[in-house]
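Peer 1: The primary structure of each chain is shown beneath.
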Amino acid sequence: MYDAEIGEVIGSSNTEFIAESALLHNPPPFGSFIQVKARETIYAVVCNAYTHSLEPHRLAIAYHRSEQELRDEQPQIFELLKTKFEAVIIGYECDGAVRYHLPPQPPRLHSFVHVCQPLEVRRITSHFWFLRFLMGVEKAPRDELIAAAIRAAYAVHPGERSFLVKAGKELVKLIGDDYEMLSAILHRIQD
Amino acid sequence: MHRRRVGVIVSGSLVGGLEMKLDEWYSVEDIRAGKFVVIEGEKSRFFCMVTDVRLDTTNPQVLADPPDEEEDLMRQVLHGTTTYGTVCLRPLLMTDKDDAPTTQANEPHLVKTIPIHFSVVCEAEEGDVNRIFGSEEYGTRYFHIGRPLDMETPICIDLEGFIERSNGVFGKTGTGKTFLTRLVLAGLIHKDRAVNLIFDMHSEYGWQATQESGSGRRGFVKGLKQLFGSKVAIFTLDPESARRRGVQSDFAIKIPYNQIMVEDIAALADELNLHPTAVESSYLIVNRHGREWLSVLLHQDPKDIKDFADEIGAHPESISALHRKLQRLEKFDFLQEKVVEDAVFKIMEYIDKGVHIVLEFGQQSSFLCYMLVANILTRRIHDLYVQKSERYLASGRPQDKPKQLIITIEEAHKFLNPMAARQTIFGTIAREMRKYFVSLLIIDQRPSSIDDEIMSQVGTRITSLLSDEKDIAAVLTGVSNASWLRSVLASLDSKQQALLMGHAVPMPVVIRTRDYDGVFYSAMGHVEGEELAQKAHANIADLFGDR
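These protein sequence lines map, in sequence, to chains A and B.
Counting from -3, one number per residue, gives the positions in the first sequence under my numbering.
Counting from 62, one number per residue, gives the positions in the second sequence under my numbering.
Simulated from the structure, these hints should not be mistaken for lab results.
No experiment lies behind these values; they were computed from the predicted model shown.
Hints should not be assumed to be uniformly reliable.
Stated by the list, open to error - Think about it this way: if two alpha-carbon atoms lie no more than 27 angstroms apart in a straight line, the pair counts; the simulated BS3-like pairs of lysine-lysine are:
1) B:Lys364 - B:Lys407
2) B:Lys364 - B:Lys386
3) A:Lys165 - B:Lys82
4) A:Lys162 - B:Lys82
5) A:Lys78 - A:Lys135
6) A:Lys169 - B:Lys82
Bound conformation, chain A alone (with noise of 0.2 angstroms):
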């Protein structure tokens, strides 16, 4: 199945977007590169997901039952949950090119939300200025989301460690003196 959709915007401002799973409890993996194809191909990265009761304020009950026996017993309480991820917008394709700054509109709601294909990953992590972005999420802990977005990309450029040097090179940039920090973020991209 190729580039079917995995989501569908929900909620979204122009640095960042909420969308609902196709699928439940299987979101992006945190620190993908996804893809909103709207007027112009907006791409983000993933930087949390969660599944909850579709109504608010109310959690789910725990039925001590494996998944299947409840799938069997009850299959109706699956379809109260739903699952759902939050991006960061990295960048958008513009006159053919990678522009890496914020769109001039947020991504619409309802639109589809695919996943990068290795080729558009490896595009868009041919530089490393979508590293500021993650810099500035509060949502989820920054050196984890830096580590799991260059670990993804790193994953399309198999066996290039020039390509970690670089990163962290551009993450020295970034971090400055928080040396902490950065080989917090090193010690989770080595391989």
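Guided by the hints, dock chain B onto chain A, whose structure is given.
Peer 2: Showing chain B alone in chain A's frame:
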């Protein structure tokens, strides 16, 4: 022109020198003190020498918690970003950037400004070196003396500038002073720029000498006579020793007593352990007996010294001491009552013909003997040169112009220490420089003992490793803003490296000296073996036609 980049200029001043951030792909370990680099400024190109290398960091926390050995990624990431090398540069010369590269060495000028921020620093190239130091291809005034530390381009000295003033070769013992001197002398002889008179204390220049380092270690290297044949004459003080070593000397020097003046003895006061009053009483003898004073004194019977002293009106004790101490001179074979041929006229005859003279001392290599002979001969040669120059000044005819003479002396601090420099003729020559067409080539291992005034007049200094602070300071006297050269001087290798600075080079430069080997011999026009036979045949054919 694509040059290899080294880094960018990040700070600096005209007086204090420039600082460059080293590019991350350039290893700090490849940067050596004395390396030659070029800064591409906005409007000018600056030629600089590396004076210091430093490890820097933007974040002191990294230094408190350095990455472990296995934290490879961390090290790689930090390298060139948080931790980097800083290189201190000393701009020495600048040229306009739009100057078309010319074949002639055009005049780079002294640095009066500094390049803008983030100017790119590159490795120097052959063209840069040639442009600054000239090339042997540009004419006979340039002589290839060595190469930069990390390049294969020849560095030349400007012989024209070199012969204009007195020059010095300095360095600790065993660092190649003799070798450097032989190289320079060979250059002067080959390019025919000046006539040399070499006071060769240890008989190392004329005929073959042992090599102390390099590829042919412990082998023999050719002397100047072997390289240049009839252009060089060997004079000797010790014909016996010359014969033993298989050297054919051209002339055995004999000096009559009547050529020794009180000044010569006064210069030897230290060596002879003479009291100043003894020197003064010798003037009393001169008053009475004129030029024959020394032989008169030495002929006195010790028992008659008192009468002799009374006769000339001197203190008997002091005359007796003078007599006793000067008797040491009697054991020198070359000092004689009467000589057949005057050594100085002979030397002048050769010099006038443009033949270079190596004066070997053979077994007579004591300081006493060396200083005595060097003083006597040089004083008279200098007098003759003064007369010649005056004649030239009067007539103004080019054919009267005396040939530039360079006198090479070893252990120069014996002649040129603050005491002796006022007494010996060498002090005079060093000071009055080129006025009379005579200059010195001073070879010494203890430059701090040489009179400051003289050191400041030394035109070109070729310095191999010196470690004593005083010596380093002495070598740098008269060089403006020289503190940065200290680190360069102290970091020279002990073999085959030298710092050139002064009149004959536009900027100070560290060189690996040229090898004194077969390649050098043939560059000097020396041929041997098969080639020699061919040359002889060619000459015969030229003279008598093909038969």
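Peer 1: Which numbered hints turn out to be false for this structure?
Peer 2: 1
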